[in-house]
Amino acid sequence: MQVNENFKPLIVAFCCNWCSYAGADLAGNNRLNYPAEVKIIRVPCSCRVNPMFILRAFQRGADGVIICGCHPGDCHYTSGNYFTRRRMSLLFSMLDYLGIERERTRVEWVSAAEGAKFAATMNDFVAQVTALGENKRLEDLRCKE
Amino acid sequence: MQRIGVFVCWCGTNIAGTVDVKKVAEALKDEPGVVFSADYQYMCSQAGQDMIKDAVKEHKLTGIVVCSCSPRMHETTFRKTAAAAGLNPYMVEIANIREQCSWVHKEMPIGTEKAIILGKAAVAKVNLNTPLIAGQSPVTKRALVIGGGIAGIQTALDIADAGFPVDIVEKLPTIGGKMAQLDKTFPTLDCAACILTPKMVDAGQNENIRIFSYSEIEEVGGFVGNFTVKIKKKARYVKEDICTGCGLCTEKCPQKKVPNEFNLGMDNRRAVYIPFAQAVPKVATIDPNYCTMLKTGKCGVCAKVCTAGAIDYTQKDEVFTEKYGAIVAATGYNPISMDKFDEFAYNQSRDVITSLEFERLTNAAGPTAGKLLRPSDGKHPHTIVFVQCVGSRCSHDAEKGKEYCSKICCMYTAKHAMLVRDKYPDTEVYVFYIDVRTPGKAFDEFYRRAVEEYGVHYVKGMVGKVTPEGDKLKVLASDLLADKQLKIDADLVVLAAAIEPDKSARPLATMLTASMDTNDFFTEAHPKLRPVESPTAGVFLSGTCQGPKDIPETVSQASAAAAKVIGLLCKDKLTGNPCVASSNELMCNGCSSCEKVCPYGAITYMDKEFRMPDRTTKLRRVAMVNEAVCQGCGCCTVACPSGAMDLKGFANEQIMAEVDAICK
Amino acid sequence: MNVSYFPGCTLKTKAKELDVYARRCAEVLGVTLEEIENWQCCGGVFSTAKDEIASKLSSVRALTEARDKNQPLVTVCSACHNVIKQTNHAMANDADFALRANTYTGEPYNGETEVLHYLELLRDVVGWDKVKAAVKNPLTGKKIGAYYGCLLLRPGKVMAMDDVENPTILEDFIRAIGAEPVVYAMRNECCGGYVTLEDKALAKKKSSAVLENAAAMGAEMVVTACPLCMYNLKKNGGCDLPVVYLTALLAEALGLTDATHGCKEENNG
Amino acid sequence: MAEHKNYKEQILRISGVNPLKCMRCGKCSGTCPSYDEMEYHPHQFVYMVETGDIEPLMESKSLYKCLTCFACVDRCPRNVEPAKLVEAVRLMVIRQQGQNHMKPDDIPAQVDEDTPQQLLMSALRKYSK
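Residue numbers (my numbering), protein chains in the order written: chain A, 1 to 145; chain B, 1 to 664; chain C, 1 to 269; chain D, 1 to 129.
By construction, these hints were calculated from the structure, which means they are not laboratory data.
Incorrect hints may have been included.
So, partial list: chain D residues that the calculated Cβ filter (under 8 Å) puts toward chain C [claimed, not checked]:
| no. | residue |
| --- | --- |
| 1 | Lys8 |
| 2 | Lys65 |
| 3 | Asp74 |
| 4 | Pro116 |
| 5 | Gln117 |
No experiment lies behind these values; they were computed from the predicted model shown.
Glycine residues also receive a C-beta, built at the ideal position from the N, C-alpha and C atoms.
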């Protein structure tokens, strides 16, 4: 496989406001590095993430999408992350069918206390997506500049 | 079209160190809708805020983007600034270029590039922001305190003193908690009971305080200002209002072999019991696991001897619902199990005890009436070994114990050692320590007194093995400073067991939707600036459920939590979160998908008349969101198949715009 | 049920009764021990060095054979068990080690085999209830101290047989054969077996500390699974407390033989 | 000398131990059954490897007194595994040419009729290459 040494993937991370966004803040407080390719979008709860957002991201040229929420049982809204888990497993299998590898999508539970886990997760995910290379599927070339 | 102002903060060098703020301000200037862009050293300062206000007026801004620290830090600040300038506070968006950019990336070009993208995403979002007006909800002027230890008692007393009614729910038959079991307290050596019991009595007699003892929380619903809590009052088989606490039943009960949990199983109580003399409420409780009458239907001695007629074998658990404006968690701690540390032979010898058991052994109301006697043979111990840090400070991969320092052990061990030497000068006392940690007022002085005045042998090192043999405990330990392995024949070994949050805290946190750390301590809203609040609005933290603490710290936190509760209960109305779901009636097809996923029951359906284009009317079933109940998770928006449901402040369009801006 | 069986060098020579009784008792309890073909000595000690590969290959081969037969691998000797279980753990969890070992053997193996000590076989496969039911000659009234030593339990995370500091498996065994277990703290301390050649004085000190503690707590005999412990406790224990193999006790309880007479016979044969 | 500096690195690599995890509680030495026979004790092995002070350890008889009983490994609250360091240092010595601590010729004098085979086997494995 051809690997482009300079390839920097574009990663969209949806983080729930109560756990994972705070976990990302904690990673910052503790100065735990992770690649700048990760861009975080704040949502109130991981269950706010509409599959449309993910499709849109891939359409617009994202190489990977990760959704982070509270650990099961710890959702600020009691049960939102359970919905996320079910919705995303369906969506990811559909994306897989469409040719977007499973490794490009991920759901991860990161609590507000897990800054280190946040950074480690992002490092791992970026490495994983980088290894896959650029995502061509679903991409709408009209959206590229 | 919006008129957006962009304000890029340097945060001193926190942001400016890795992000070229001038370049960011410059790059965002040409984004759609942006009419003003500037940078400043500290946007959150008064001068910075004034700069925003001036720009709003001067450039007739309709929206604001602040590129600064996390919105969790200063979103409220900048919303207030906007409001002061006459803007709707929800026309502000924050681009987090500190925690999620400058602090995690090291190189200036990379940090700058990312900051620009985050800024663009925020601009894209603000372009679609609409003014939001928060609803208001009334406040139930009653507080709930969960846990009746010193933390819960202090919180309840302070709230009650301010004139608000407060309920304490305690799972045991009496309030008092761990402090009631302690003998003396460091560093002043005043007796725990002497300072605690007056507070227990105050709580019991205060007209603003109701104590639900022997009770547990079953269910929590609602939100800040309007919690609905189901409380289960367990059957104690004694009518609380009639029992006089005379204790006659507890003397006559024929079932004498029940391990006494108040003395940590070191002696026995009866099946009907009052935990200790100063219990509040001073009411007997029948233990259904041991009561012969409840188990076999034959006995009834307590009912016969009770002159008040308070015994009621038919009593059932009772569940009732109360409404509260605020909830305080004060669930406390327990020493960890010593099962994983049996190299210290805790399970093999009765003369290896934990420090809490030691408290009971030296307490005048304890199993030995305050005489320090060995549990195995009742003899006076002549050599006592204290082992510190048992189960504290363990690494994660050791797969036993806790990673944190339990904080109180150094001081109580110094206290125990000192008291033993004071009362029994013929006793040799060894304390094995890794570090002696005594940060606190008069703490180190106290520890030094134990060494210098009382002659306690402090040994830097750790006990590796305790071998019971004959009536001795052979203690093998290292003395690191002398570079020796010590072999001590001890009579009593006391383990300073790590402390952990009470097991009831985890299910409670789930009910409260309050977050916990990996050790099951409640997480505070901010580790420094909001240490007594949970991130869940209306839930406050008191005492060791938030982290290891000694008594003075617990009491300070308890009072601080009370102050926060009082501040909340003083308000007549609370301004809610306007970022709630709303349904577009014209698109709603009445399918009920949203209703099924809503955890709050905030969505109801109604039949509504709609005018059709042909001027007829049609009755359609449509979703309605109760804005006071909706918490804004957005789950329904994804469930909605017709795209009718959306979330204010985090609308589909807004998030899509952010995605587009990032992926451009 | 058939299981793979790794006897080990000592069970074929100095500790024959450990081997013979293990097989006979297992048969009575419905388990056949199938000896691994062409097994090689485990090496007697597990090297913790990550770059020691060759010394662990005999274990890998035995494990691979058991895997191919789809059987758990059972050992009686504590040392063999320790070496094989630790090797298996490394094959499953240390990818670098597994890669290098597999390069030697040429047959990919990644720790699939379940390694059981004879005691685990009794507890988890046979079950104490079945052992109890098979006892014909309960050792009622005998006070027996269980001697775990170091090899049977440690390192705890790898051996994962029982609680390292508060084990019960041997005590449960003693109860199952009708005797009374005596708990003493030195039961999971080392007898010093490995240094017997190097430093006899140290071995004596360690063994006698074990037996003294067992005797002080009222044990009338001590049971072990390890030939090395057996040798060392007997030779260097400095105490006339009898030390017996667990399989000998089991055989006695199952009515297969009288423990003391049986050993001699088997050793001579 | 350059080669010597390499010792620490090699020891850390073959043992897989991170001595920085040690909080210096001394429990390993408090529980070591061979403590009295050792010149350098388990906690000192950890500390001295960390500081790179390895030659004294390599010259010490302590290397051959460790019983490999793993008490220090299982009881360490920080999961440092001192026994693995002792073994690694020992290997650094006996892997050098002519440095076998026990030679086959030394053995017959120590053996009696009951000596189990595994003892001979493990002694050779532990003390020679």
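Evaluated hints:
no., hint, verdict
1, Lys8, "violated (15 Å)"
2, Lys65, "holds (7 Å)"
3, Asp74, "holds (5 Å)"
4, Pro116, "holds (4 Å)"
5, Gln117, "holds (4 Å)"
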